[in-house]
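> Going by the numbering used here, the sequence shown opens with residue 1, and the numbers climb by one from there.
Since the hints were derived computationally from the structure, they do not count as laboratory data.
Please read all numbers here as calculations on a predicted model, not as lab measurements.
Glycine included, C-beta positions come from ideal geometry on N, C-alpha and C.
Heads up, a few of these hints could be off.
Now the in silico label distances, taken between C-beta atoms and shown as ranges [unchecked claim]:
(1) H48 x E127: 10 to 20 Å
(2) D69 x G16: 32 to 42 Å
(3) G125 x N49: 36 to 46 Å
(4) R82 x A51: 32 to 42 Å
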Amino acid sequence: MIVDTSAWVEYLRRTGSPTHLALRAGVRADNPIATPAPVVTELLAGSHNEAEAVEFFQLLSRFEILEPDSLGVYLEAARIYRICRRAGFTIRSTVDCLVAATALDKDRPLLARNRDFDIIARHTGLELVIPSDTGPAKKPPRGWSGE
């Protein structure tokens, strides 16, 4: 599976979300995991300091890092953006379109926790990993009586 920035953030923050748990299971089982190079850039850019950036890179370098093979992947990313915009949805980041185009090019499913990928999947052939909701129970809202 290919892993997007949003899924890595869930994993690194140990959120207990289905996305976090799916990625954790994949990492522990030594499943084939790949990350597009633009995701590496996003994660390292979001690091709080150099030590954290090094730690993130060491984690990511355990897995395959995918670079777009050709100009065609970039052209597909632009096409994905246009398709979604024509359908009435503006994808918030062209990097997401590039990640989706990479997953399509490699014919591999994408693990993400980002609503833009749901939109892209509805309008393209993108396959998403849909983790089961087996995470820890959420705390009820403050003041909720349970009735």
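> Run every hint past the structure and note whether it holds.
Structure-based check of each hint:
Take H48 and E127: their Cβ atoms lie about 33 Å apart, and the range 10 to 20 Å is violated. Take D69 and G16: their Cβ atoms lie about 36 Å apart, and the range 32 to 42 Å holds. At about 40 Å, the CB distance of G125 to N49 agrees with the hint of 36 to 46 Å. Between R82 and A51 the beta carbon distance is about 41 Å. The supplied range of 32 to 42 Å therefore holds.
In terms of the numbered hints stated before, the structure departs from hint 1 and from no other.
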